[in-house]
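Here is what each chain is made of, one letter per residue.
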Amino acid sequence: MLKKLLFWVITGTVLVVIVAPLAWIYLTAFKSQSDIFAPDLSRFVFFKPTLGNFQALFGNYPFWGNLLNTFIVSIGGTIITMFASLLAAYSFARWNTGGGDILFMTVSTRMFPMAVAAIPHFVFFKTLGLLDTHLGLMLLYVFFNISFATFLLYGFFNEVPKEVEQAAMIDGYGRMEVFRKIVFPLIGPGLAVTSVFCLIWMWNEFFFAFLFTRSDARTVNVLLSSFWGGLQVQYGLMTAGAAITILPTLIAAWFMQRYIIRGLTFGAVKG
Amino acid sequence: MPSNSPPVTGRWPEGEGRKATVWETLTSERYFRWTLLVPLLVLLAIFMLYPLVYSIYFSFHDWGMQGAPVFSGLRNYRQLVNDREFLIAFRRTLEVLFICIAVEIGLGLGLALLWNRDFKGQNVVRGLALLPLLVAPLILSLLWNFILDFNFGALNLVFQAIGIGKVNLWRPDIALFTICAMTIWQWLPFSTFVLLAGLKSLPRDVFEAARVDGASRFYTFRRLTLPMLTPLIMIIVLLRSMWLIRLFDPLFGTTRGGVNTELLDWITYRTSFVMFDIGYGSAMAIASWAFTMALCLVMFRQLMNAMAPKT
Numbered sequence: 007m008l009k010k011l012l013f014w015v016i017t018g019t020v021l022v023v024i025v026a027p028l029a030w031i032y033l034t035a036f037k038s039q040s041d042i043f044a045p046d047l048s049r050f051v052f053f054k055p056t057l058g059n060f061q062a063l064f065g066n067y068p069f070w071g072n073l074l075n076t077f078i079v080s081i082g083g084t085i086i087t088m089f090a091s092l093l094a095a096y097s098f099a100r101w102n103t104g105g106g107d108i109l110f111m112t113v114s115t116r117m118f119p120m121a122v123a124a125i126p127h128f129v130f131f132k133t134l135g136l137l138d139t140h141l142g143l144m145l146l147y148v149f150f151n152i153s154f155a156t157f158l159l160y161g162f163f164n165e166v167p168k169e170v171e172q173a174a175m176i177d178g179y180g181r182m183e184v185f186r187k188i189v190f191p192l193i194g195p196g197l198a199v200t201s202v203f204c205l206i207w208m209w210n211e212f213f214f215a216f217l218f219t220r221s222d223a224r225t226v227n228v229l230l231s232s233f234w235g236g237l238q239v240q241y242g243l244m245t246a247g248a249a250i251t252i253l254p255t256l257i258a259a260w261f262m263q264r265y266i267i268r269g270l271t272f273g274a275v276k277g
Numbered sequence: 015m016p017s018n019s020p021p022v023t024g025r026w027p028e029g030e031g032r033k034a035t036v037w038e039t040l041t042s043e044r045y046f047r048w049t050l051l052v053p054l055l056v057l058l059a060i061f062m063l064y065p066l067v068y069s070i071y072f073s074f075h076d077w078g079m080q081g082a083p084v085f086s087g088l089r090n091y092r093q094l095v096n097d098r099e100f101l102i103a104f105r106r107t108l109e110v111l112f113i114c115i116a117v118e119i120g121l122g123l124g125l126a127l128l129w130n131r132d133f134k135g136q137n138v139v140r141g142l143a144l145l146p147l148l149v150a151p152l153i154l155s156l157l158w159n160f161i162l163d164f165n166f167g168a169l170n171l172v173f174q175a176i177g178i179g180k181v182n183l184w185r186p187d188i189a190l191f192t193i194c195a196m197t198i199w200q201w202l203p204f205s206t207f208v209l210l211a212g213l214k215s216l217p218r219d220v221f222e223a224a225r226v227d228g229a230s231r232f233y234t235f236r237r238l239t240l241p242m243l244t245p246l247i248m249i250i251v252l253l254r255s256m257w258l259i260r261l262f263d264p265l266f267g268t269t270r271g272g273v274n275t276e277l278l279d280w281i282t283y284r285t286s287f288v289m290f291d292i293g294y295g296s297a298m299a300i301a302s303w304a305f306t307m308a309l310c311l312v313m314f315r316q317l318m319n320a321m322a323p324k325t
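Residue numbers (the numbering used here), protein chains in the order written: chain A, 7 to 277; chain B, 15 to 325.
Think of the hints as simulated: they come from the structure by calculation, not from any bench.
Values in this document were obtained by computation on a predicted structure and should not be read as measured data.
Warning: the hint list may mix true and false statements.
Calculated pairs, DSBU-like style, for lysine-lysine (alpha carbon to alpha carbon, straight line, at most 35 Å) [claimed, not checked]: (1) A:Lys168 / B:Lys214; (2) A:Lys10 / B:Lys214; (3) B:Lys180 / A:Lys168; (4) A:Lys9 / B:Lys180; (5) A:Lys10 / B:Lys134; (6) A:Lys10 / B:Lys180; (7) B:Lys134 / B:Lys214; (8) A:Lys54 / B:Lys180; (9) A:Lys187 / A:Lys168; (10) B:Lys180 / A:Lys187.
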């Protein structure tokens, strides 16, 4: 009995620590300015809810436009990433192409300091006129997610037995047909998981968006960071925007429980 | 070339002596593996090789984004090894790496052991515990800046109410730990759930045997559980090191590299994009890239072994 109580005390404490900050976003989003800065514990939860922050956000700032930018860039980036990494991962998994070296090179793209990868890209994009465009940001995101996507899919392909393919080839299927008709359907779940991860990563990315977009392609994270002003921080607007922006990621975290750990460890852990 | 590499399988629709088309050559058994890599290699060449070569080039030059770069030999690197600020940022990054990984694994293991059983509402508990993992780090850093504020931050108001008194969490001597705590808060679910998955996959009979033999719980943990979890702990260390060295977003909404929290990526960013010293910034980048590669190359082997298909 005591043991059970202790279990729930610890579990409860951990959950409060985890959930409270997230709940704080949603509470603050509905508070008026005076409630936000009230040094009064009871007003943490008991306050008069207002939609003022949301109205100000939608009325005075291009919030939906920026959210749409985030959306476009994430979707487009994910499609390109999936295309390139799907093919490459198949090649790595089936023939061990490059003996693991190319695979390591792919993974190592994540190790390069973004701050400095940004300089050459900036100069390069300026020449091509890709600054502040959806396509430019998309390509950068593709580059930064391709390592992860390739590696994750590599794990999924490894699970498709070679014998299935060989059997199909004996039946007279060509390589392309084997890929399209046999392998592709088998790694359906892997594709779904990898795509969702790419989507979320691109959705959350900030640094490149901050450097490479100004207005036309500005993503919602950049807008939110701009509420962190020099003199004062507009917490109401910030939390209202954040409340909407993080919603898809929270939903994904909830429904993808089973796959998240597997994805984040590149399939090394069967969650 | 194409004519003497007929596809091993596949159908030849018409004629034996006909030359294979480009498409047939590309999808032939011999070249298909490389054909599949083309999109990836093109992307890597443009977005990885080019910036790398570019950065190496500029690390040997002086350039302020205007005019022509001036060759300066090894001067940037010589400056780097004597730059106190850079070395301190480097040491701080290692500190963050060590603290975060140690706490995440310690607490994660504790929680994993705690939750490795069937209990009422376990799916809800697990679902809630995973939530922080996928939230944008930038948004979290803005949020923490708000919650941890000295004057009206929720945490300090709670501290005051329960009699601890307000704590300035952005004081220069503890701000770095605050950054660590923010990072740990987001990533604790990761190590917890990796280890939980590991615990669930342990063979039951071994533990039965140990129990029958009268092994104490501590002994079982040290001699059985821990060794079996070692590969997973290594995976956590590798992946977390890789991600922690590149820690940037949590600083953006909070200290912006002030109050003794400047980390490796921030000083690189500041040198290149605030002070516009591209040459020196590139040297910093190359140095930190080389360090990361060396660290990860060793650990990557382990990950590959852990991932290799088990037969």
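Hints, verified against the model:
no.: 1; hint: A:Lys168 / B:Lys214; result: 29 Å, holds
no.: 2; hint: A:Lys10 / B:Lys214; result: 20 Å, holds
no.: 3; hint: B:Lys180 / A:Lys168; result: 63 Å, violated
no.: 4; hint: A:Lys9 / B:Lys180; result: 34 Å, holds
no.: 5; hint: A:Lys10 / B:Lys134; result: 11 Å, holds
no.: 6; hint: A:Lys10 / B:Lys180; result: 34 Å, holds
no.: 7; hint: B:Lys134 / B:Lys214; result: 17 Å, holds
no.: 8; hint: A:Lys54 / B:Lys180; result: 27 Å, holds
no.: 9; hint: A:Lys187 / A:Lys168; result: 14 Å, holds
no.: 10; hint: B:Lys180 / A:Lys187; result: 64 Å, violated
Taken one by one, the earlier hints fail for this structure at numbers 3 and 10, listed in ascending order.
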